[in-house]
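So you can see what is in the structure, the chains are spelled out below.
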Amino acid sequence: GAGVSQSPSNKVTEKGKDVELRCDPISGHTALYWYRQRLGQGLEFLIYFQGNSAPDKSGLPSDRFSAERTGESVSTLTIQRTQQEDSAVYLCALGELNTGELFFGEGSRLTVL
Amino acid sequence: TQLLEQSPQFLSIQEGENLTVYCNSSSVFSSLQWYRQEPGEGPVLLVTVVTGGEVKKLKRLTFQFGDARKDSSLHITAAQPGDTGLYLCAGIAGAGSYQLTFGKGTKLSVIP
Numbered sequence: 001g002a003g004v005s006q007s008p009s010n011k012v013t014e015k016g017k018d019v020e021l022r023c024d025p026i027s028g029h030t031a032l033y034w035y036r037q038r039l040g041q042g043l044e045f046l047i048y049f050q051g052n053s054a055p056d057k058s059g060l061p062s063d064r065f066s067a068e069r070t071g072e073s074v075s076t077l078t079i080q081r082t083q084q085e086d087s088a089v090y091l092c093a094l095g096e097l098n099t100g101e102l103f104f105g106e107g108s109r110l111t112v113l
Numbered sequence: 001t002q003l004l005e006q007s008p009q010f011l012s013i014q015e016g017e018n019l020t021v022y023c024n025s026s027s028v029f030s031s032l033q034w035y036r037q038e039p040g041e042g043p044v045l046l047v048t049v050v051t052g053g054e055v056k057k058l059k060r061l062t063f064q065f066g067d068a069r070k071d072s073s074l075h076i077t078a079a080q081p082g083d084t085g086l087y088l089c090a091g092i093a094g095a096g097s098y099q100l101t102f103g104k105g106t107k108l109s110v111i112p
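First to last, the protein sequences are chains A and B.
Following the working numbering from start to finish, the first sequence increments by one per residue and tops out at 113.
Following the working numbering from start to finish, the second sequence increments by one per residue and tops out at 112.
Treat the hints with care, since some could be wrong.
Quick partial rundown of chain B residues pointing at chain A, CB under 10 Å, derived from the structure [as the list claims (entries may be wrong)]:
id	residue
1	Q14
2	S31
3	Q33
4	Y35
5	Q37
6	G40
7	E41
8	V44
9	T48
10	G82
11	L88
12	A90
13	I92
14	F102
15	K107
16	I111
The set of hints was computed from the structure by calculation and includes no laboratory data.
These numbers were taken from a predicted model, which means no experiment stands behind them.
We put the beta carbon where it would ideally sit given N, CA and C, even for glycine.
The whole structure should be built from the sequences, with the hints applied where relevant.
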């Protein structure tokens, strides 16, 4: 997706390991979202960052999930003690404040064995 | 909790056929967006509709927002294999809100 680079594109890990997913905005959007997409499912909101405001963490499914972003730069999503149900594509998106339109990265596919 | 129901969930058609997919809710949205997602990629925005009754055309794709702003449809004329993908609708509840509600999508396959 234009404007957003995500890494790794694919990650296979063993149950119980920690993983870190990275979102690198190429363009200067202040609004940044993380979504989770399980196989055959829609997009599940995880967390929202807007400038220096406190992030909206209401979508994080458990305390094993955390995310950080400094200013308008890189964001990282960390999943501790991964479980098989964490297997999904994790999508990062930049948001246009006026329209609410989202510009997605290509996602990080996580497989927990 | 606002929900968006998309139908059908799966659709397989022959090249050249027409189709319509639907996005329905019992809630009112200030705007609604349609995205297309191809395998291994993130969703790409197709259109945003804002006004009740609004119709927007994007080449062979026609998008309509319901008069009551609770539903939307996407009509594709003379489908092409390149139209294959997952079509997602997403609604914003209130103007200025940053929260989008996504439907589960319609997976379209266009067979050459």
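Fill in: Structure versus earlier hints, numbers of those that do not hold, lowest first
Those not satisfied are hints 1, 10 and 16.
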